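As a plain string of letters, each chain reads:
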Amino acid sequence: MAAPLLDIEDLHVRLAAGRAARPVVDGVSLHVASGETVGLVGESGSGKSVTCRAVLGLLPRGAAATGAVRVDGSDVLAMSAARLRELRRHHVAMVFQDPRAAVNPIRRIGDFVTEGMRAAGVPREAALGRAEDLLESVGIRDPRTALRRYPHEFSGGMLQRVVIAAALAGEPRLLLADEPTTALDVTTQAEVVSILARLRAERAMGMLFVTHDLELAAAICDRVYVMYAGRIVEAQSADGLFARPRHPYTAGLLGATPRLGSELPPRAVPGRPVSLAEAPAGCAFAARCAHALPRCADEQPVQREVGGARVSCLRAEETADD
Amino acid sequence: MAGFLLRRAGGILATLLVTSLAVFGSVHLAPGDPATFLLGGRSASPEAVAAIEAQYHLDDPLPVQYVKWAGGVLTGDLGRSVQFRQDVADLILARLPTTLWLVGYAALLIVLVGLTLGALAALRPGAVDRLVLVGTGVATATPAFVAAIGLVSLFSVRLGWFPAFGNGSGLGGRISHLTLPAVALALTFTGLLARVTRASMLEELGRDHVEVARSRGIPGSAVVRRHVLRNALGPITTVTGTVVAGLLVATSIVETAFGLSGIGQLLVGSVTVKDFPVVQAVSLLVVLAFACVNLLVDLAHPLIDPRLSHAKGAAS
Amino acid sequence: MTVLPLRRHRPSTPARLLGGDRLVTAALAVLAVPAVAAVCAPLIAPYAPDAVDLSATLSGAGAEHLLGADQSGRDVLSRLIHGARTGLLGPLLVVVVSTVAGTLLGVAAAWLGGAFDALLSRAMDLVFSFPALLLAILLVAVSGPGLTAPVLAMSVAYAPYVGRLARSAALQEKTRPYIQAYRVQGWSGWAICLWHLVPNIAPLVLAQSVTNFGYALMDLAALSFLGFGVQPPTADWGAMVNEGAAALLQGAMLPALAPGAAIVITVVAFGIVGEALADRVARRER
Chain G
0 MAAPLLDIED
10 LHVRLAAGRA
20 ARPVVDGVSL
30 HVASGETVGL
40 VGESGSGKSV
50 TCRAVLGLLP
60 RGAAATGAVR
70 VDGSDVLAMS
80 AARLRELRRH
90 HVAMVFQDPR
100 AAVNPIRRIG
110 DFVTEGMRAA
120 GVPREAALGR
130 AEDLLESVGI
140 RDPRTALRRY
150 PHEFSGGMLQ
160 RVVIAAALAG
170 EPRLLLADEP
180 TTALDVTTQA
190 EVVSILARLR
200 AERAMGMLFV
210 THDLELAAAI
220 CDRVYVMYAG
230 RIVEAQSADG
240 LFARPRHPYT
250 AGLLGATPRL
260 GSELPPRAVP
270 GRPVSLAEAP
280 AGCAFAARCA
290 HALPRCADEQ
300 PVQREVGGAR
310 VSCLRAEETA
320 DD
Chain B
0 MAGFLLRRAG
10 GILATLLVTS
20 LAVFGSVHLA
30 PGDPATFLLG
40 GRSASPEAVA
50 AIEAQYHLDD
60 PLPVQYVKWA
70 GGVLTGDLGR
80 SVQFRQDVAD
90 LILARLPTTL
100 WLVGYAALLI
110 VLVGLTLGAL
120 AALRPGAVDR
130 LVLVGTGVAT
140 ATPAFVAAIG
150 LVSLFSVRLG
160 WFPAFGNGSG
170 LGGRISHLTL
180 PAVALALTFT
190 GLLARVTRAS
200 MLEELGRDHV
210 EVARSRGIPG
220 SAVVRRHVLR
230 NALGPITTVT
240 GTVVAGLLVA
250 TSIVETAFGL
260 SGIGQLLVGS
270 VTVKDFPVVQ
280 AVSLLVVLAF
290 ACVNLLVDLA
300 HPLIDPRLSH
310 AKGAAS
Chain L
0 MTVLPLRRHR
10 PSTPARLLGG
20 DRLVTAALAV
30 LAVPAVAAVC
40 APLIAPYAPD
50 AVDLSATLSG
60 AGAEHLLGAD
70 QSGRDVLSRL
80 IHGARTGLLG
90 PLLVVVVSTV
100 AGTLLGVAAA
110 WLGGAFDALL
120 SRAMDLVFSF
130 PALLLAILLV
140 AVSGPGLTAP
150 VLAMSVAYAP
160 YVGRLARSAA
170 LQEKTRPYIQ
180 AYRVQGWSGW
190 AICLWHLVPN
200 IAPLVLAQSV
210 TNFGYALMDL
220 AALSFLGFGV
230 QPPTADWGAM
240 VNEGAAALLQ
250 GAMLPALAPG
260 AAIVITVVAF
270 GIVGEALADR
280 VARRER
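Residue numbers (numbering that gives the first Met the number 0), protein chains in the order written: chain G, 0 to 321; chain B, 0 to 315; chain L, 0 to 285.
Please note: incorrect hints may appear among the correct ones.
Claimed, not checked - Just the calculated beta-carbon pair ranges, DEER-fashion: (1) B:A13 <-> L:N199: 27 to 37 Å; (2) G:R99 <-> L:G145: 56 to 66 Å; (3) L:N199 <-> G:D74: 50 to 60 Å; (4) L:A28 <-> B:A13: 27 to 37 Å; (5) B:P124 <-> L:A60: 38 to 48 Å; (6) L:S71 <-> B:G159: 23 to 33 Å; (7) G:R143 <-> B:L307: 23 to 33 Å; (8) L:A190 <-> B:A126: 46 to 56 Å.
Rather than coming from a laboratory, the hints here were simulated on the basis of the structure.
In this text the structure is predicted, and so the values were computed from the model without any measurement.
All C-beta atoms, glycine included, are put in the ideal place defined by N, C-alpha and C.
Construct the complete structure from the given sequences, taking the supplied hints into account.
Structure representation (structure tokens):
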């Protein structure tokens, strides 16, 4: 089997020394193949965003990362600054959470869309021409005029389309989407998701879709990784996850989502999410878990295959038969 | 945009009107008889008193006096100096070049050094940042006249690199004579601009779009130029404008300290001997320059931040 | 919420970067020196400020005269100590007047709003469009040199800065529920402003005023240097620099440099304390 497009192996990230020093990602392994959409789901503080940004070599200032983050077989963590720029220009691109914050408010849209291409050496005219096509492909009307407008003249949803267009400018093979719909109005969320999904398919890119919305991830992804307190607790196909969550946390998340037409009211996962730094020695979810046994607090579960899913739960085999 | 311009121009006119009223009225607010006051309290011949009374139309009612005086100012008739027995306009014109050179030189130093130090401090946290902070902390606390004597004692007396006094002639002479005064004048404001630049750039450095630019493989220098420095320009421009606008009057201190014969020294000398026509004219000039520079800054702001120009409506 | 500040670049304030509380303590200790000198000048000064010792004229530092003597043979150290009186009294007056007037006007503008607010804002803009130094020079031209004209001019020039700050702080405070609660209870506007609003914005205004003290000291010293402040033979730092400047070319540095250093050190110390105070207020707000 050829090397996957993205292959994260046993990634550990520790934030800078000093008062804020703490681990945030602990032994994350995941992979994304070409043409595949993979979800990375977790609550805020679970480390999903750090994991996602590590793929671009964007770690918090002074943070230390160990393990490997391989894109097409080369390790991002070991790259020189020049190689990193090359990677960011041509191979991996990212769509950010809040388009208002992601786009420099005082530069024209054209500047934003072409900036990456210009840095890669594309002549101005050619870059502008390509930018026009890109804006058209994300459904912006009158792209030629749009290039000369400023961000504040666009709505949040339109601006996120611009961000997507800019991400595609370098013809990346891997697209990282970090909560791309969280900051948008509900009505535009669906549009942005469908644009992302369509463009990914058209361009046969791999996509790592980071979200806190398990249902959204299950709807558009082929496979889903669920993160809790800096660790991956469950990984399986989207359909399988939805039909048969193997980890109590995944089940809790699904149960907490309100559903139309459902007889059952949503049930919140009790307790509050913990960060990796404050997690106990054993399973980080133990304190909130309805199925926890005394040993769960001491013994860290090993990830293993249970009924087609990879799960990190000491009782995965027992609960699988429920 | 046009409405904004009109409002600003109106504001400047209002300022000048009030200023001219204050400058005009100050003669009458002063204790004693205006004619005696205008003669600087000197004992003068009846002819001289009559000449002053005629020149200032002191027999007319106050509003008429003001209109006549203001009309004279607008047509370039700034009156005659009591001290020099010369037209004030000529006195000012003869001294303007020195002062403008000094202001230009100092402004250049302030912008170049202030921006560089501020940017360095923002981009190099740690030792460089601390060094700049200490340096600018002392610089902003050093008044121009203290800087002047410090510079003279070091560079003129000890090292003999620069002359301590005088205007100098020719380009080279001008520059060598004006270097110490310009540095003395620039010191406080350089420190101020450096601090503002540092704070403004640090704020921009923390913004998401800077990180986004990096994530797209834009080289660090371009990120700083296009996204950090460019976005930090708003406060930097405001402070630069205020500082440069105030330089014209601040030259009075430096010109006195270095014995330069410019507008500032003319103002100080005229106040000391109560040569009121000169004081009035220089004050008006200073306020006019102050207002014009501030207008330029206001005009620059929409160019720096397009969100401030409301000419275009929101689209899409 | 997954907004992760990737550059944890808390713009730390200069005061904290340069040593925090220890620096502030040091600055306060430095400020105590001119303050004590001003209060106890006749007790601690080795000579009278205008005592002439012609044999010591332009002598450098020595046992007789620790900082030497000036052109007229007067002891520089004694004049420095006595000079602290006018040097600190002027800025103190400016700060007190501008703080009281600025707070009063700013709070009134915020509380009353409407036409009064608009009128006051116009008036403040007008003062802003007039260089403070020019205002002082004009006032001196009209009323003659001395402490009064410069202090008055600087008070007028500084009040709008305090006023603007007080106004925006009061506007924010005005919307807080506790103010509304007092209103509902039937307290008068005056009483609420005086007993509740002003005390709550006071720390912010005071931090600004401490910083202003240093600036006022610089401005007044500059006017004094120009000969517009207190008149000779009264000892004053700014005037001492002017008198000593002529001696520079004869190689005597101390008569001009000593008062110059006194000004710089005092202003630096005020800057540090003002910045630390502002920092503390900002942290409290958060």
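A quick look at each hint next to the structure:
no. : hint                          : verdict
1   : B:A13 <-> L:N199: 27 to 37 Å  : holds, 35 Å
2   : G:R99 <-> L:G145: 56 to 66 Å  : holds, 57 Å
3   : L:N199 <-> G:D74: 50 to 60 Å  : holds, 56 Å
4   : L:A28 <-> B:A13: 27 to 37 Å   : violated, 48 Å
5   : B:P124 <-> L:A60: 38 to 48 Å  : holds, 41 Å
6   : L:S71 <-> B:G159: 23 to 33 Å  : holds, 28 Å
7   : G:R143 <-> B:L307: 23 to 33 Å : holds, 25 Å
8   : L:A190 <-> B:A126: 46 to 56 Å : holds, 53 Å
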